[in-house]
Amino acid sequence: MANLSVEALDGNRAQPYPGAPDNWKRFFSFSTDHKVIGIQYIVTSFIFFLVGGLFAMIIRGELITPEANLVDRTIYNAMFTMHGSVMLFLWTFPVLVGLANYLVPLMIGARDMAFPRLNAAAFWMVPVVGVLMMGSFFVPGGPSQSGWWAYPPVSLQNPTGNLINGQVLWLLAVAISGVSSIMGAVNFVTTIFKMRAPGMTFFRMPAFVWTVLAAQLIQLFGLPALTAGAVMLLLDIVAGTSFFRPENGGNPVLYQHFFWFYSHPAVYVIVLPVFGIFSELFPVYARKPLFGYRVVAVSSLIITGLSGIVWVHHMYASGTPGWMRMLFMFTTMSISVPTGIKVFAWVATAFGGKLRLDTPMLFAMAGVVNFVFAGITGIMLGSVPVDIHVNNTYFVVGHFHYVVYGTVVFGIYAAIYHWFPKMTGRMYYEGLGKVHFWLTWLGTTLNFLPMHPAGLMGMPRRVASYDPEFAFWNVLASLGGFLLGLSTLPFILNMVSSWIQGEKAGNNPWRAIGLEWLISSPPPVENFEHLPIVIAEPYGYGKDEPLVSNLAELAESPG
Amino acid sequence: MTSEASIANQIESGIVEEHNEEANSKFGFWVFLLSESVIFLSFFAGYIVYKTTSTDWLPAGVEGLDTRDPAINTVVLISSSFVIYVAERFLHDKRLWGFRFFLLATMLMGSYFLYGQAVEWRGLEFGLTSGLYGATFYLLTGFHGLHVMTGVLLQTIMFFRSFIPGNYDKSSFGVDATSLFWHFVDVIWIILYGLIYVWQ
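Here the protein sequences line up with chains A and B, keeping their order. Going by the UniProt record's numbering, the first sequence opens with residue 1, and the numbers climb by one from there. Going by the UniProt record's numbering, the second sequence opens with residue 1, and the numbers climb by one from there.
Bear in mind the hints are in silico, worked out from the structure with no lab data behind them. Ideal Cβ placement from N, Cα and C applies to all residues, glycine included. Please note that the accuracy of each hint is not assured.
Negatives, chain B to chain A, calculated, CB over 12 Å [unchecked claim]:
(1) TRP30
(2) PHE40
(3) GLN117
(4) GLY131
(5) VAL187
Heads up, simulated DSBU-like pairs for lysine-lysine below, C-alpha to C-alpha not over 35 Å straight-line [what the hints assert, rightly or not]:
(6) B:LYS51 x A:LYS194
(7) B:LYS26 x B:LYS170
(8) B:LYS170 x A:LYS194
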C-alpha cells in the first residue's frame with residue numbers, strides 16, 4: 001500500500017503543466033524558475049565546454065610534432081584565441097552562475113531569485129554570446145587571432161579591412177557577456193542580502209553562498225573596467241580613434257591595465273564558487289563540521305578585497321616601474337593567506353573524518369591537491385624574478401590550467417555529481433563516475449604537468465612550431481589532452497542515462513545537512529511552501545542540533 | 001501551537017512583507033549604479049593618465065575649451081536634480097499635477113543640457129580622431145550624454161505612466177529609480193566638468 005501511494009504522488013507530479021518539475025519542455029522556454037535557469041546555464045555551457053575542448057585538441061594535435069603541419073597558422077591563432085574565450089566566457093563563468101542560480105535560493109531558503117525575469121534575460125544572452133563567437137568563424141578573415149586578452153596593437157590589425165571582422169564580433173560577444181554578468185551579479189547580491197529565510201543570518205549561510213557573494217561583488221566592481229577598455233578598443237577599431245594606437249600617441253599598456261584590473265579578479269570569480277563547493281562537500285563526505293566555518297566564510301571577502309589590487313602581476317614585463325613591481329608582488333603573495341586559510345580548513349575538515357570516497361569527494365579532494373600545486377606555482381609566478389624568467393612560457397600555461405582545469409573543472413564536476421540527485425531526483429552510476437574521475441585525473445596530470453618543465457626550459461606559449469628539444473613534454477601533454485577529451489564521454493553517458501532511468505535517489509541520499517536537502521528532489525516550483533526557520537549554523541555534523549525549527553512543516557510540503 | 005512556533009510565524013510574516021519587490025528593486029538599483037560608476041571611474045582614470053603622460057596633448061591649433069557655455073549647462077543640469085526631487089515629493093503626497101509639472105521641468109532642463117552639448121560639439125575645431133585630446137573629450141562627454149539621454153527617456157516614460165489611473169498608488173519605484181539615476185548623472189557630470197573644463 002505504501003508503495004502505491006508513493007506512485008500516485010509521482011503520477012500527480014508528472015501532470016504536464018508548464019513549469020512542472022517533470023515537464024522537460026520547460027528547459028526550452030523563457031522560464032523564470034531559478035532551478036530551470038540553473039540547469040539551462042549548466043547544460044548550455046557544458047556544450048560550449050565540448051566546443052572549447054575540441055579547439056584545445058586541435059591545438060594539442062598541432063603541438064604533438066615540433067613542426068607546424070596540422071593547420072594553417074592563422075587557424076592556429078584563431079584556435080588558441082577561441083579556446084580561451086569559449087572556455088572562460090561560455091563555460092566556466094556560465095556554468096558556475098548556473099550552479100549558483102540553482103543552489104543559492106535553496107541554500108538561503110528563498111522561493112526564487114530577487115529578480116526572476118532579469119535572471120532569465122541574463123541567461124538567454126549566453127546563447128547570443130555563443131552565436132556571435134561561433135559566427136566569427138564565418139566572417140572574412142575568420143575569428144579573432146589576438147588571444148583572449150585582445151592586446152593592442154595586435155588586436156587593432158584588420159588585415160581584411162572589413163568592418164564586421166572577427167575582432168569586432170569578439171568584442172561584441174564579450175560586451176554582451178558582460179551585460180549578462182552584471183545583471184546576474186545585481187540579482188545575486190540582492191538575493192543574498194534581501195531574500196534570506198527567517199533566522200538565516202550571514203553567519204548561518206553555507207560557505208558556498210559566501211563565495212558566490214564574494215565572486216559577484218568582484219563582477220560588480222571589476223567588470224566595468226573591462227567594459228571601459230573594450231569600448232575604447234572598439235572605437236579604435238571602428239571609429240579611428242587612437243586610445244591604444246602607439247603610432248598616433250596612444251598607450252597600449254593602458255589597455256592592459258583595464259583588461260587585467262578585471263581579468264585577474266575574474267579568475268577569483270570562477271575559483272571562489274569552487275572553493276565554496278569544496279567547503280560544502282568536505283563536511284558531507286567526512287561527516288564533520290567545516291573547520292573554522294566563520295574564518296572560511298570571511299576569507300572569501302578578503303579575497304574579493306585583495307583581488308582589486310593585484311592585477312599588475314600580469315604586467316611585470318610590460319615596462320612596469322620597479323616600485324610598482326615590488327608593490328604588486330607583495331599584494332599578490334598576500335592572496336595566499338586567505339586561500340591558505342581555506343586549504344587548511346578543508347584538510348582539517350577531512351582529518352580524522354569518516355571519509356566516504358564517492359565520486360564528488362574524489363573530485364573535490366583531487367581538486368584541492370591540484371589547487372595547492374597551482375598555488376605554489378602561483379607564488380613562484382607572483383615573484384618578479386621568476387616571472388621575468390618564465391614570462392610568456394608554458395610554465396604560465398601549466399600554472400593557470402592547474403587552476404582552471406585542475407581546480408575549477410574538478411570542482412564543477414564534483415558539484416554536478418553531488419547535487420545531481422537533488423536536481424533530477426535520480427542517482428548517477430557510481431562506477432561510471434569513478435571511471436570518469438580517473439580518466440579526468442590522469443588526463444589532467446598528463447596534459448598540464450609536462451607544461452611546467454617545457455616552460456622552465458623556455459618553450460614560449462601561443463606558438464604552432466617549437467624547438468625539437470621540447471618534443472617529449474609536448475607529446476605527453478597532447479596525449480593527456482586527448483585523454484581529457486575522451487574523459488567527457490563516460491560523464492555524458494552517466495548524466496544522460498541516469499537522468500532518464502537512474503535509481504530514485506530520495507530527498508537526501510548523502511545524509512547531508514542543508515536547506516536544499518530538506519525538500520523533495522527535484523524541488524517543487526517555489527521551493528518552500530513554508531519558509532524554513534533557521535536556528536543553527538550550517539554543517540552540524542556529529543552535533544545533535546536541528547537546522548530548522550519547523551522541520552515537520554517542511555517535510556509535509558507536497559513534493 | 002507552542003509559543004515558540006507562534007513567534008517564529010510572526011517573524012516569518014514580517015520577513016515576507018519585508019521581502020516585497022520594491023525594497024529588492026531599490027537595493028538592486030543601488031547595486032547597479034555603484035557598478036555603473038566604475039565605468040566612469042575607469043574612463044576618468046584613463047583621462048588622467050593620458051593628460052599627464054601624453055607628449056602632444058592639445059591638437060595643433062586648439063587652445064583649449066571655452067568654459068562659459070558649459071558652465072551655464074552645468075548649472076541647469078545641477079538644478080534639475082533639485083527640481084526632480086520636488087517632483088518626487090509631490091508624488092509622495094499624491095499630488096499628481098504638481099508631480100507632472102516638475103517632472104516636465106526636469107525633462108526640459110535635461111533636454112536643454114543635451115542641446116547645449118550638441119551646440120558645443122558643433123562649434124569645436126577638433127574631432128573624435130584628433131589625437132588623445134579629441135578622443136577622450138568626445139568619449140567622456142558622449143558617454144555621459146548617453147546617460148543624460150537615458151535619464152530624459154526614463155522621465156518621459158514616468159511622465160506618461162502618471163496618466164494611467166492608479167499607476168503610482170502601490171509603488172513609486174520607477175520614479176524613485178529615475179530620480180536616483182538623475183542624481184547619479186549629475187554627480188558624474190560635476191567630476192567630469194572638473195576634469196575636462198576646470199583642469200585645463
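Results for each hint:
1. TRP30: violated (9 Å)
2. PHE40: Check fails; 8 Å does not lie beyond 12 Å.
3. GLN117: At about 19 Å from chain A, B:GLN117 clears the 12 Å cut-off, so the statement holds.
4. GLY131: violated (6 Å)
5. VAL187: holds (16 Å)
6. B:LYS51 x A:LYS194: It is violated: about 43 Å lies between the C-alpha atoms, which goes past 35 Å.
7. B:LYS26 x B:LYS170: Given pair B:LYS26, B:LYS170 holds - Cα atoms ~15 Å apart, limit 35 Å.
8. B:LYS170 x A:LYS194: Cα-Cα ~20 Å, so holds.
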